[in-house]
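Start from the sequences and build out the full structure, keeping to the hints where you can.
Sequence order for the protein chains is A and B. Each residue of the first sequence is one higher than the last, beginning at 166 in this note's numbering. Each residue of the second sequence is one higher than the last, beginning at 4 in this note's numbering.
There could be a bad hint or two in this list.
Partial list, computed: chain A residues near chain B (C-beta under 10 angstroms) [said to hold, decoys possible]: (1) His-181; (2) Val-216; (3) Val-231; (4) Ala-239; (5) Ala-245; (6) Pro-335; (7) Pro-362.
Honestly, the hints are just simulated from the structure, not real lab data. Beta carbons: idealized from backbone N, C-alpha and C, even for Gly.
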Amino acid sequence: MTPLAWLRSRYQRWFHGWLARRIPEEQEVVLNRRRIFILPSRAGFAFLGVVALLWLVATNYQNNLVFAFAALLASMFVVAIFHSYANLSGLRLRVEQVDPAFAGHRARVVIALGQQGRPRLRDELTLSFPGASPVVATLPGAAASTELFVPAPRRGWLRPGRLTVESHYPLGLFRVWTHVLPACKGIVYPRPIRGEPLALGDGGGEGEARLVAGGSEDFIGLDKYRPGESLNRVAWKHQAQGRGMLSKQFGESISRSLWLDWRAFPGLDREARLSRLCQWLLTVSAADEVYGLRLPGVETELARGPAHRDRLLALLALFEVAD
Amino acid sequence: MATPPWQLSRHGTLWILIGFAVAVAPLLRHLPPWLAAVGAIAMLWRIQIYRGRWGAPGRWLKLALVALGGAGLLLSFGGLAGLEPMVSLLVIAYALKLLEMHGRRDALVAIYLGFFVAVVQGLFDQGITTALQVLAGVVAVSAGLAGANQRDLHGRPGRPLASAAILVAQALPLMLVLFLLMPRLGPLWDVPTPGRSAITGMGDTVAPGDITRLSRSAGIAFRVRFEGEIPPRGQLYWRGLTLSQFDGRRWSRGPSGETARASGPAQRRDGGFSDYSVTLERTGTDWLYALAVPEPLSRGVGVKSDYTLVNPAPVHARMGYRARAWHAGAMDAAGLAPGIRAETMALPAGSNPRTVATARAWAREAPSPEALIDRVLQLFNRQFVYTLEPARLGRHGVDDFLWTTREGFCEHFASAFTLFMRAAGIPARVVVGYQGGEAHPEGYLIVRHYDAHAWAEVWLDGRGWVRVDPTAAVAPERIRMSLVDLFAAEDGLFADSPLSLVRFRDVGWINQLRLRMDAVEYAWGRWVLGYDDVQLDLLARLLGRVDAGRMALLLLAAGLLALAPVLAIALWPTRRHPRDGADRAYLRFCTRMASLGVARRPGEGVRDFAERAARARPELAASIRAISLCYEKSRYGRGGDQVRQLRRRVASLRG
Numbered sequence: 166m167t168p169l170a171w172l173r174s175r176y177q178r179w180f181h182g183w184l185a186r187r188i189p190e191e192q193e194v195v196l197n198r199r200r201i202f203i204l205p206s207r208a209g210f211a212f213l214g215v216v217a218l219l220w221l222v223a224t225n226y227q228n229n230l231v232f233a234f235a236a237l238l239a240s241m242f243v244v245a246i247f248h249s250y251a252n253l254s255g256l257r258l259r260v261e262q263v264d265p266a267f268a269g270h271r272a273r274v275v276i277a278l279g280q281q282g283r284p285r286l287r288d289e290l291t292l293s294f295p296g297a298s299p300v301v302a303t304l305p306g307a308a309a310s311t312e313l314f315v316p317a318p319r320r321g322w323l324r325p326g327r328l329t330v331e332s333h334y335p336l337g338l339f340r341v342w343t344h345v346l347p348a349c350k351g352i353v354y355p356r357p358i359r360g361e362p363l364a365l366g367d368g369g370g371e372g373e374a375r376l377v378a379g380g381s382e383d384f385i386g387l388d389k390y391r392p393g394e395s396l397n398r399v400a401w402k403h404q405a406q407g408r409g410m411l412s413k414q415f416g417e418s419i420s421r422s423l424w425l426d427w428r429a430f431p432g433l434d435r436e437a438r439l440s441r442l443c444q445w446l447l448t449v450s451a452a453d454e455v456y457g458l459r460l461p462g463v464e465t466e467l468a469r470g471p472a473h474r475d476r477l478l479a480l481l482a483l484f485e486v487a488d
Numbered sequence: 004m005a006t007p008p009w010q011l012s013r014h015g016t017l018w019i020l021i022g023f024a025v026a027v028a029p030l031l032r033h034l035p036p037w038l039a040a041v042g043a044i045a046m047l048w049r050i051q052i053y054r055g056r057w058g059a060p061g062r063w064l065k066l067a068l069v070a071l072g073g074a075g076l077l078l079s080f081g082g083l084a085g086l087e088p089m090v091s092l093l094v095i096a097y098a099l100k101l102l103e104m105h106g107r108r109d110a111l112v113a114i115y116l117g118f119f120v121a122v123v124q125g126l127f128d129q130g131i132t133t134a135l136q137v138l139a140g141v142v143a144v145s146a147g148l149a150g151a152n153q154r155d156l157h158g159r160p161g162r163p164l165a166s167a168a169i170l171v172a173q174a175l176p177l178m179l180v181l182f183l184l185m186p187r188l189g190p191l192w193d194v195p196t197p198g199r200s201a202i203t204g205m206g207d208t209v210a211p212g213d214i215t216r217l218s219r220s221a222g223i224a225f226r227v228r229f230e231g232e233i234p235p236r237g238q239l240y241w242r243g244l245t246l247s248q249f250d251g252r253r254w255s256r257g258p259s260g261e262t263a264r265a266s267g268p269a270q271r272r273d274g275g276f277s278d279y280s281v282t283l284e285r286t287g288t289d290w291l292y293a294l295a296v297p298e299p300l301s302r303g304v305g306v307k308s309d310y311t312l313v314n315p316a317p318v319h320a321r322m323g324y325r326a327r328a329w330h331a332g333a334m335d336a337a338g339l340a341p342g343i344r345a346e347t348m349a350l351p352a353g354s355n356p357r358t359v360a361t362a363r364a365w366a367r368e369a370p371s372p373e374a375l376i377d378r379v380l381q382l383f384n385r386q387f388v389y390t391l392e393p394a395r396l397g398r399h400g401v402d403d404f405l406w407t408t409r410e411g412f413c414e415h416f417a418s419a420f421t422l423f424m425r426a427a428g429i430p431a432r433v434v435v436g437y438q439g440g441e442a443h444p445e446g447y448l449i450v451r452h453y454d455a456h457a458w459a460e461v462w463l464d465g466r467g468w469v470r471v472d473p474t475a476a477v478a479p480e481r482i483r484m485s486l487v488d489l490f491a492a493e494d495g496l497f498a499d500s501p502l503s504l505v506r507f508r509d510v511g512w513i514n515q516l517r518l519r520m521d522a523v524e525y526a527w528g529r530w531v532l533g534y535d536d537v538q539l540d541l542l543a544r545l546l547g548r549v550d551a552g553r554m555a556l557l558l559l560a561a562g563l564l565a566l567a568p569v570l571a572i573a574l575w576p577t578r579r580h581p582r583d584g585a586d587r588a589y590l591r592f593c594t595r596m597a598s599l600g601v602a603r604r605p606g607e608g609v610r611d612f613a614e615r616a617a618r619a620r621p622e623l624a625a626s627i628r629a630i631s632l633c634y635e636k637s638r639y640g641r642g643g644d645q646v647r648q649l650r651r652r653v654a655s656l657r658g
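If you want it as C-alpha cells, here you go:
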C-alpha cells in the first residue's frame, strides 16, 4: 500500500466513524445545521475568480463604479450561502418502503419528503444512494415522494446505506449536501437459477411428490409485474393496451402439491441451492400449485398464493443470514 | 456514479439571452456599430437553435466566425491593444459562446462573461445612468444563472428574475458595507485605457483653432465646490498647463513643464486663501486644473515647477481632488531658474519676423515692461475682433494675425501676446485651462468645455509670474459673462452637442430640470465616485485609529449587521421549530403515553415508539397505531383533514 492510499483509507475510516457519530441512523431525518454541509462548488470558485478579476480592474483603473459592482457580486456570493442552506434546512426525509428484489437486480426505495415549519419551495434536490443513479426531486408543496433504485447484489437484508441529499440551488455557487442514514432495510431474494431437481422418493405428507422434470417453458398465465423481474417477461401488449404492467409466467406442467427440498440439489453449495430453490419456487407458484419448503431445520406448511410465496421467498432470502 | 444528463432549462436559455442583451446594449455606444449586428445575429441564431430550426455552428464555422470577428476588430481599431478592442473582443466571445452552450460549463462561461461585460461598462463612463444600466445588466445576467440552476416550474418564466432580484436586493446592504469600508489600493500595473480620441477635452498642445473647436461642446469638464464664497468670476482662471515651446504655429510643453518638484515650488503663502474640491470628468491625461497659486490638499496630487497640479496617473475615470488657492501668492518671485528663463524666452528662428522686429522696437521705446504690456493690450483693444470663426492664417501665423486679419479667438491672442513679449525680452508662456464657469443654485460651479481658455503669463522682476489675459483686453465681456451668452446667436457654439439642454437655458422649466439633474449627477460624482478621498477621513473619525485589527472588526460587525435580515429569513423556520396543529396533538399524545408509563425516548422514531407503546399497552395498540399513522400522514401526505382526525383520536385516548 502506498503511503497516499494508506492515508486515504485512514481518512475514510475516520470520516465514516465521524459521520456515524454525527449523523446516526434515524427513523425520520430532519435536516438542520448539524447535518448540513456547505462549500462553494467549482462554479462558485469560478464566480469568485470573476469577482477578483473585477476587483483588479477596479483597482487598476481606480474606478469606484466597478469596485461597487465587484462588491455587489461578492455580497451576492455571501447571500447565496443562506439561500443554498435554506433549500435543504428543515427538509424531512423518511424511507417509506424498500421493495423486495432478487439478487443482482435493483430494489425500489420510496422516499417521502416533507417540510418542517413554513413550507417553502425546494428546488433541485438531488438524492442518491451509493451505487444508485441519482434522482432530482423538487418539493413545490408541503410533501412529495420520490423513488430510487438501489442495487441489490446479495441475498439477505439490503441496507441502502447513506442517502446523499445535494443541492446547488439557487445560483449553483454552493454545493449543499448531507449524508443521512434513514432507517430502512429491504429484503433480497436469492438470484433465481434454473436447475434440475432430483426426484426424491419422499413418501410423507398429503401430496405425492412426483416431479415432472424439465420440459419446455409453458406459458401459464399473467401475474402482476414485480419490480426486479426480468423485463423480457413483461406482457408489453397488455401494457400497451393500458391494462397495467403484467408479467408472463412460465412453468412446467406439474399438477400436484410438492415439496421444494434442499436435498433436491445435492453437490451444490448453499447459495447455488438457494438460487435453484428460488427459481423452482417461482415456477410452482406461477403454476398455482400447492407447495411447501424444506430447508435444514425448517419445514413450512403446504399452501398456495402470493402471500405464501412471499413468505417462502423471505425464508430463502434470510436462510442462515445474520440480522 | 452517473449524473443525469444536464440540460439547460427553457427559462435558463431565455434569461441568458435577455442578460446578454441587457449587458451588451449600453456598451455599444462605445464600440464599433457592427458589434450590434453580431449580437443580434447571435441571439437570433440561439433562438433558432432552441426551436430546432437551425443547427449549432460546426467547428470550422465557429473558427471562421472567430477569425471574422478578429478581422473586424483589426479593421475598426487597427490593432487589439487598448480598452475598446479588448472589450469588443469580450463581447464577440460572449456572443459566440451563446451559440455553443452545450454543457453546464459552456453556459457558466457565457454567464460569467456576462457579469464581466456588464460591469466593465463602468470603465467608459461612471454616471448614474451607467450605474443603473450596469445594475440592470447584473440582475439580468444573474437571472440567467438562476434559470440555469432551477427547474422550470409551473411555466413561470419570471421566476429566475424574481430569485435574482431578491438576491441582489438582499446583497445591497453588504455591498454598501464593503464599498464604504474596504480599503482601496493604488493601481497595481499599467492597464490599457479608453481611447483618448473619444474624449472631448484639452490637449497638451495649442495651435490656432484648437480651443475654438473645444468651444463647440457643452460637455462638462469639471465641477468645483468652494469651502466659502466663490471668488469673483474674473479670478477664476483654472490653470491646466503652461506651454513654453513654440514652433511658429503650435505651442507645446517645454522640458521644465514635464518635471515635477518633489517638495513643490517655493511659494509665498500669505494673504487669503480659498479651499475647494474639484470633481474632474475623465480626461485621459494627467494634469489637473487649479487656481493660482495652488497648494494640493489631496494625497498623491503633485505640483510641478510651473505651478500646475499633476495626478500620478492619467485620469481615466471621474476623480475628485482638493486644493487651496493662495490669492496673494506669487510664483517664482525670488528669481527665475536659468533653465526656465531660457525656455520661456526662446524664439523659433526665422518665424514671424515682423512681430519680432516690432517687439524689439517697442521694447526700446517702453520705460518699463508694464508699459510695454499696456501698449500691446491697447493695440488689441482698439483694433482687434474676438470671434469664434476667425480667418485662416498663413505660415507666419502671428504676423498674419497681428498685422493683417486682426480677428481671432483666445488662443490667437495668447499666442501672439506671448511671442511678442519674448521678442521684447520678457520671459512669457501660454497657459491653457478654463475660465469662469456656471454657478449652480446649490452653490457649486460647473465648468464646461466651452469655458476653455488660453492666456499668457509673463515673468516680471520682483513680482514673479503675472497673468495677462489679452482676450480680456479685446473682449472684456468674455471674462464677465460666459461664452454662451456672448455668442448666443452664433451657430458654431454647441455644434457638437446638438441635444444639450444648455441650448434651452432660456426656457424656465427646462433650465430648472437641467440644473436639478446636474445636482444629482454632481452629488453622485462627489460622494460615490470620489469616495476614496473621504474614506480615510471617515474611517479615522469612526475608529479613532485605523489599523488592521480595528478594520477587520468593523468590517465583521457591519457585515453581520448588513446580513441580519437575510439571516433571519433563511434561518427562521428551523431555528424556532414552529409547531403546527399536528405537532401539538402528537406531543399531547406523547405526554399522555408518558403518564401511562411509556415515555418516548429522545430521538425515537414515531413508528418505533408506536410499536413499543403498543407492546407495552396492548389494550391501546389500535389507537396508538392509528394516531402514529395519522401523524405520519399529516407530515408526509397531502390530506388537510388529517390534523383534525389526529386531534380527535388523541382526545379520545385521553378520555
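How the hints compare with the structure:
{"no.": "1", "hint": "His-181", "in the structure": "violated (18 angstroms)"}
{"no.": "2", "hint": "Val-216", "in the structure": "holds (9 angstroms)"}
{"no.": "3", "hint": "Val-231", "in the structure": "holds (4 angstroms)"}
{"no.": "4", "hint": "Ala-239", "in the structure": "holds (6 angstroms)"}
{"no.": "5", "hint": "Ala-245", "in the structure": "holds (7 angstroms)"}
{"no.": "6", "hint": "Pro-335", "in the structure": "holds (5 angstroms)"}
{"no.": "7", "hint": "Pro-362", "in the structure": "violated (40 angstroms)"}
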